[in-house]
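J.: Sequence:
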Amino acid sequence: MDSNESDTAYESLEEPSQEPDSSEKPTHIRFLVPKALAGYVIGKGGSTIIQFQDNSGAQILLSRNQEYFPGTTCRIVVISGTTVQVLTAFQLVLAKLHSQLQGEDGSEVELRRTRVVVPHSSCGSIIGKGGATIRSFIEDSNAGIKISPLDFELSDRLLTLSGTMEEQMRAIALILSKLTEDDEYSQQVHSPNSYRKDLGLRNLLHAWKSAKSRRSLGSKQNHKEDSYNSVTIGVSDEHIGVVIGREGSHIMEISESSGARIKISGRGGFLPGTTDRKVTISGFQASIDLAVSIIERKVDKASKRRAKDETDMDTD
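Mapping of the sequence shown onto the UniProt record's numbering: position 89 corresponds to residue 89, and the numbering continues sequentially without gaps.
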């Protein structure tokens, strides 16, 4: 179920933060996906991975079939972009696996564990003096975080995150923030099939070109950004149908794409003083921002189409 990975590059025009250079410079994360689950990430004809790239602005690459991380039967996923792009794409992948495997026998064990590939040279910053940094990450995220023993035949070690999806996301946000502080790490994006002996290590440096404007998570994560939030926006009653879709198809698609939960008020449930229906969006801030962006695009497209139809009627 391999796909031809897209070579399209993206650029995020994020809002300035207190440390814009750190938040906007390229970064990446590598993690393992069992071979049996890789098809969920790729999708038919690469449709899912392309959708994840479009929705997040990140570049996503998978190692080829049967090209596994040494000592495992897991394929390697590389997500690269800005901090917010990488976190958004990472969450989209996890949410996809959760939704596909929910209810399957034995799936809960797999869902509660993610293995991240980290260069040995970067592990010291994650561990911290006397283990202080990794202990603080565990306390802040409530996730289990363990680093594999050093293997002198490999330049990488595995960082195993355990816990709920929310706990793993909080942990990965903290870890990525620490890794991105290292200029050498940020600039060295490894190919997912870099473990093939005939290829060796390669650097994949990408220019990011996207018109999306996102709120940056920055290089330092705070509890508000790491925790679930909820916002309510208004969508005009005449356009609410394009958000819901036939039998809820659009709202399910938006929820799956963004990882956010979406609830729409019933008929007559308007925002005070308006005829706008209430759309409540809950999730991580990156998921909320993504869901809002998708909804706004759908409504804007519907508005332009309606205006065009009315213009055509006037000219007939």
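Treat the hints as calculated values from the structure; they're not laboratory data. All C-beta atoms, glycine included, are put in the ideal place defined by N, C-alpha and C. Fair warning: there could be bad hints in the mix.
With a Cα cut of at most 20 Å, we get these calculated PhoX-like pairs of lysine-lysine [said to hold, decoys possible]:
1) Lys263 - Lys278
2) Lys278 - Lys298
3) Lys178 - Lys146
4) Lys298 - Lys308
5) Lys263 - Lys298
6) Lys129 - Lys178
7) Lys25 - Lys146
8) Lys129 - Lys146
Each pair of labels, with its calculated beta carbon distance range [said to hold, decoys possible]:
9) Leu101 - Gly144: 15 to 23 Å
10) Ser282 - Asp54: 37 to 45 Å
11) Ser47 - Leu101: 43 to 51 Å
12) Ser303 - Thr164: 36 to 44 Å
13) Ser303 - Glu153: 28 to 36 Å
14) Gly43 - Gly124: 31 to 39 Å
15) Gln66 - Lys304: 25 to 33 Å
16) Gln66 - Ala132: 18 to 26 Å
17) Ser282 - Gln51: 36 to 44 Å
J.: Look at each hint and say if it fits the structure.
T.: Each hint, compared with the structure:
For the hint pairing lysine 263 with lysine 278, the CA-to-CA distance comes to about 8 Å; that is within 20 Å, so the pair holds. A threshold of 20 Å between alpha carbons decides the hint, and for lysine 278 with lysine 298 the separation of about 16 Å falls inside it, so the pair holds. Only pairs whose Cα atoms come within 20 Å are accepted, and lysine 178 paired with lysine 146 is accepted, the gap being roughly 16 Å. Taking the CA atoms of lysine 298 and lysine 308, the gap is near 15 Å; set against the 20 Å cutoff, the hint holds.
About 17 Å separates the Cα atoms of lysine 263 and lysine 298, which keeps this hinted pair within 20 Å; it holds. Taking the CA atoms of lysine 129 and lysine 178, the gap is about 14 Å. The hint holds against a cut of 20 Å. About 27 Å separates the Cα atoms of lysine 25 and lysine 146, which puts this hinted pair outside 20 Å; it is violated. With a CA separation close to 16 Å, the supplied pair lysine 129 and lysine 146 stays within the 20 Å bound.
The hinted window of 15 to 23 Å between leucine 101 and glycine 144 holds, with their beta carbons roughly 20 Å apart. The beta-carbon spacing between serine 282 and aspartate 54, approximately 23 Å, falls outside the hinted interval of 37 to 45 Å. Restraint check, serine 47 to leucine 101: a C-beta distance of roughly 19 Å breaks the suggested window 43 to 51 Å. Distance hint check: the CB atoms of serine 303 and threonine 164 are about 39 Å apart, consistent with the given range 36 to 44 Å.
A hinted range of 28 to 36 Å is violated for the C-beta pair serine 303 and glutamate 153, which are about 59 Å apart. Our hint of 31 to 39 Å for glycine 43 and glycine 124 holds, since their Cβ atoms are close to 38 Å apart. Between glutamine 66 and lysine 304, the C-beta spacing of about 47 Å breaks the proposed range 25 to 33 Å. Checking the proposed 18 to 26 Å range against glutamine 66 and alanine 132 shows it is violated: the Cβ atoms sit about 40 Å from each other.
Restraint check, serine 282 to glutamine 51: a C-beta distance of roughly 22 Å breaks the suggested window 36 to 44 Å.
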